[in-house]
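Undergrad: These are the residues of each chain, in order.
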Amino acid sequence: MYSIVFTSILVLILLWKTYKLLKNKRSSGHFEEIDDELVIMLNEGDSIG
Amino acid sequence: MAKLAVQLSKKKRTKYRFQKLKMCKKCNRYSVMKDETCSTCGTNLVGIESLVKSILKKRLTTEAIRILLIACLGIVFAPTIKTMYYSISVGIIFCFSYVVLTSLFVKSEYFHQLKKLLRTDFRKIQAGILFDSDLAKADVKEERLAAAYEKLREIGDFISTDRLKIRRVMVLNEIALRSDMELELEGLIPSSYDKDFVKYALEVLKINRTLISKKCIAYFIHYRDAIVIDFGMDSLISVAGTALRMKLYILEFSTFIEEFLAYFPKERVLRLCNIIQANPDVEWGSLKEKTMSIVTKKYHYDPDFKRFTIERERFVSHV
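Listed in order, the protein sequences are those of chains A and B. Using this note's numbering, the first residue of the first sequence is number 1103, and each one after it goes up by one. Using this note's numbering, the first residue of the second sequence is number 786, and each one after it goes up by one.
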């Protein structure tokens, strides 16, 4: 019983980690997008000049 | 007022803009300057990529410690020797799988971490750039124009407001421009009419015609009335002459060129004739006709234009 519970906990952790990694991979894009997003955010409000 | 002769250093180029971001860990401040040390405390600045890598490394280490801890707890609390051995084996397999899994996704994790850091530290980045901008202002006040321009140029990679563009132009107007300088024009075009920008553009035109782009010519055409009032007709003639740099520009701005054709120097008219003759299949419209009529009127005696006048005569006689 102990072995089953222990193994299940470790497998669940591994599955959870895989889910998180896949989610991050899916949401990742190109570095150009980061560049564009950064420039848009910094230019909002015309506060620097 | 005499312009200052200065030496501008070459711009540092990176594949992506965010790669220029650096952070002083002591002051907790970002900077986009080329300097490797913090202007406030003198500490070495850390590049954003190194920063993200160290955050990611820290995160993965913490996770690895937690996982090892869980595996160890499983081993420690094992009721029998048999289950303890079982827990050790499962723990090892689990840790190995975890390491393999993480290393497979390291690139996307790096991307995710970078995105997260830029989003969370956005206000800090903005404040850092504002600080850099203040340093540039101080440089202008103390007449360190090269340093001020270099700072504003770096900030310009991130901020594209009219205010910053005009500040850059104003500094450039105080400097004696040379052809060996790495000048910029298209990126400095403001969204409305600005006398300082036009003054700078006309100065650049004398040094490096290639910087006068389509967007720049369009700006001169759009604000032509104000430009004529401030800088006279000659400025528009020069810009129209520059439009002869490329066949595409000639076609795009043919009406504008046609308007000032009569005022062009011989060399510009000759260039236009050469382009027209080299591209007989292109539809030049009334520009071709007007150019030929100017050649006939003004340069019929000139040997440089002889081949064009002969061709025209042949054409007229054929018709």
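By construction, these hints were calculated from the structure, which means they are not laboratory data. Hints are supplied without guarantee of correctness; some may be wrong.
Stated by the list, open to error - Below 20 Å or equal to it, Euclidean Cα-Cα: the simulated EDC-like pairs (lysine to aspartate or glutamate) are:
#, chain 1, residue 1, chain 2, residue 2
1, B, 797, B, 1015
2, B, 1083, A, 1134
3, B, 800, A, 1134
4, B, 901, A, 1139
5, A, 1127, A, 1139
6, B, 867, A, 1138
7, B, 800, A, 1146
On a predicted model such as this, the values are computed, not experimentally measured, just so you know.
Undergrad: Output the numbers, in ascending order, of every earlier hint that fails for this structure.
TA: As far as the earlier hints go, 1, 2, 6 and 7 are violated by this structure, in ascending order.
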